[in-house]
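> The primary structure of each chain is shown beneath.
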Amino acid sequence: MSSIRFADTGRFPNDTIDGETVLIDVEKGHLFLFTGIGPQIWQRLGSGVTPDNLVDEVASRYGERAAAPTRTFLEALEGAEMLRSDAPSAQSPAPAISWPSAFVVPALEQYDQIADIISMDPIHEVDSSKGWPHRHEERR
Amino acid sequence: MTTGVDSSFVVRIAGRPLAVCGGGELAAIRPALTGIIEQAETVCPSAPVLRINAAPEPSSVLPWSLLSTGSHRGRGGSLAVIRRGPSSVEQYQPGPDPLLLLDASPAALASGDLRAQPAHYALAAWLSSRTLQMVHAGAVARNGRGVLFIGVGGRGKTTTALACARAGCQFLGDDLCVVEAGDPGRSVPPMVHGVYSTAKLNADSLRRLEAGDWPILGVTPSGKAAVALPDAITFSRSAQLVAIVAVKAGDDGPLLPRRVSPRAAIQLLSSTALPIASGSGSPRDWLSTASALIREVPAYELGLGWDLERVTSAIIELLLPPAGAP
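Chains as they are written, first to last, in the working numbering: chain A, 1 to 140; chain B, 141 to 466.
Careful, some of the hints might be misleading.
Derived CB-CB ranges, DEER-like [to be verified]:
hint, chain 1, residue 1, chain 2, residue 2, range
1, B, 456, A, 78, 43 to 51 Å
2, A, 116, B, 342, 52 to 60 Å
3, A, 96, B, 380, 32 to 40 Å
4, A, 63, B, 362, 34 to 42 Å
5, A, 78, B, 328, 36 to 44 Å
Okay, derived cross-link-like pairs now, DMTMM-like style, lysine to aspartate or glutamate, Cα gap no bigger than 20 Å in a straight line [to be verified]:
hint, chain 1, residue 1, chain 2, residue 2
6, B, 388, B, 447
7, B, 388, B, 457
8, A, 28, A, 81
9, B, 388, A, 112
10, A, 28, B, 441
11, B, 388, B, 425
These aren't lab readings, by the way, just hints derived from the structure by calculation. Note that CB positions come from ideal geometry on N, CA and C, so glycine has one too.
Just chain B, same shape as in the assembly (with noise of 0.2 Å):
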């Protein structure tokens, strides 16, 4: 990776504009911004701005070498994430000019990770708030109705979200996504919201997918191919969120959906909560947020088998629009 002369665009996300400026970096993080880029090229402005820059070892050079890996909260809202091997320092500044930074050594750049969700605990610093959250979920939608799939790590939410595009669904994210409390008062409905046009897919996904000629960006730690989504799946940038299934892999599966209490549902929806664990958003914001979908949006337990299709049906029969409706 070589930093050179800066360039930048501009992404939008949950109707927030955001500069990405940065030198040739850029290069190994647009893959995963491509569904939410607005404008290819611009001047880099002053604020917000998202800044990538390639350094040998961020995280072993003062002050950064001072502080232990994981994360950092300062007064005021400040974040920063030390990431060692591969290296990487990722910076959230509030402020009435925010600001968020992302150095990364040329490992880290390569890594799965990082190329499939870049920034990710800036961004999700940036965005939250007590009606606005980016969560550990997935998501796809069909006719403006979103639904997000949400359940701890190895459920299926991966695997559900893109048997689902590759149905005839959008795709909003496998991963990661954020949500947005409606206003029912002013009959402002909830939304999900893509961040990164990117998967993580294991190798039982990647073949049962038969994805193995996905375009691949990197592969993680834990050995996932980190996959850049192919021309066949279209991504999304919003959609009215109408429903919260969480998914449940097993070997019984596909059952129907089975409806919640809104008890069950914010227990489940616990899952989503990574961002706070990392320190980028707070308890407050996040049950704030939480509170209001279960308020506004059914949720569902979905238990899954390898019955792709079936999956597919009883999640598109969920995004069908209530009888009656135009």
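Chain A extracted, bound-state conformation (with noise of 0.2 Å):
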């Protein structure tokens, strides 16, 4: 994990309640929610960084022990798909970031309701561009 990663803002917008994130996957309608410091290092991965240093970073901070629960975070976000290699194109300035004072474990939890809904009655697309509607090829 030594390329620079970006958190995908596009297809993943986000909103914080109460210190954690929710975060919805636009294209399946998966909800998602970061717990811990999951919502400081979504924000870190807005501006770019190698995970690698992430996670030295996460453990100059908290600690040696910081650092494995940290690369397993990230490794889920890679599994989500919510990492890309370049920055997403509407990239609003990053706040700055608020890190706790004590490591609390970065946890991802993953909601289904929404996806599932679509996933038995897809939205299809269509390229109304060449006059309203004319089929496009479905996506698969």
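Fit the two chains together into the complex; they arrive one by one in their own frames, and the hints show the way.
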């Protein structure tokens, strides 16, 4: 994990409520929740960082015991397709990150109710630029 | 159904006016919109307009016959929802002069789903923004204070909303309502808005609510009766949203409403996201509205039983103004 990775804030818009970050996958409808220092890690990924450097950063702040859970969390983000190699096009200025004083294991929770509904009756994309509607090759 | 002389009326949803235009087929959808009609007869303006057309089999003619059944989204936010058996095509075309269209066969115009909630895909798309969403939820209000009932289908939203309405609350919806985030910085409270003055009842609820003599508008494919509200129930267009209640049908209730954490509340609100599943709204906008509501409005879970009197007492308790409020 040595290449720079960015939070895919275009596909995963988010909001923070009571210190926990809620995200929604605009393509598939999965709802995610970050707990622990997950919100701060997501914020840090907004401006791009290599996972190795981010793990080192967290370990230097909270101690070596924070390294393994942080790496596990980053792997979970990769698995959920939340990271990308280029910066999202519509980037807003990154706010200052407010790291908590004590380490709390970052975790990713996933909820599939909306995604399940979408997968039962998928939304089809059509190319309306040629006049509405013209059938577009449906995405598989 | 006959298409005839153009006629129209104006409705207002969440403060936004919309002209509804069509011919004789307007009679089929008018009962559902009775509560939000603002002007009975008017000249059909250019925009924004919801146009209703009767057609033999609208989804079987070009270009719609090329598209599969379901939701189709185009660039720029256009939406078409194709239904077959019975046949209908619903469209939303955004822009400075947004256009909402519903082409429906006579069978579709007679069906319970369309009679209870006409053009809800197009309306949801028209209304959708970062602070406003049509959601899959019921709602009632008392003295201008509203409660939103959430939960997946079959959990008791309709029965709870109608039981409260029979107990003196105003009805804003049993299945689809519009929620609007507030603006705490300007002391603007979150709101819930009603759209349809109808309900869809299964046989059990029909019996328990003693609703056998309510006007039946049609029957849904799942066998529910689409009913118009009886005179004894009052419809409300808008109320301040003061509580969100996730209802849960069961034999143990009713329990007291149990406050849930913001984290649990956002999960429970997933059940309201049907419009985004149909392409009528964007997930980004839904999340923005839902998050704002969670910050501003307390959420509860409530187990339900068939002692409807106790259920309504619990809800009315939530609608009381806080002690010391004017």
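> Against each hint, give a clear statement of whether it holds in the structure.
Consistency of the hints with the structure:
1. Between residue 456(B) and residue 78(A) the beta carbons are some 50 Å apart, a value that agrees with the proposed interval 43 to 51 Å.
2. Checking the proposed 52 to 60 Å range against residue 116(A) and residue 342(B) shows it is violated: the Cβ atoms sit about 23 Å from each other.
3. Taking the beta carbon of each, residue 96(A) and residue 380(B) are about 35 Å apart, inside 32 to 40 Å as hinted.
4. In this structure, residue 63(A) and residue 362(B) break the distance hint of 34 to 42 Å, their C-beta atoms being roughly 57 Å apart.
5. About 41 Å separates the C-beta atoms of residue 78(A) and residue 328(B), a value consistent with the hinted range of 36 to 44 Å.
6. Of the pairs offered as hints, the one joining residue 388(B) and residue 447(B) holds, with about 14 Å between alpha carbons and a cut-off of 20 Å not exceeded.
7. Taking the CA atoms of residue 388(B) and residue 457(B), the gap is about 18 Å. The hint holds against a cut of 20 Å.
8. A C-alpha spacing of about 11 Å is found between residue 28(A) and residue 81(A), which places the hinted pair at or below 20 Å, so the restraint holds.
9. Proposed proximity of residue 388(B) and residue 112(A) is supported: the alpha carbons are some 19 Å apart, at most 20 Å.
10. Our distance criterion of 20 Å between C-alpha atoms is broken by residue 28(A) and residue 441(B), whose separation comes to about 27 Å.
11. Note on residue 388(B) and residue 425(B): the hinted pairing is violated, with a Cα-Cα distance of about 27 Å set against a maximum of 20 Å.
The structure does not agree with the numbered hints 2, 4, 10 and 11 stated previously, though it agrees with the rest.
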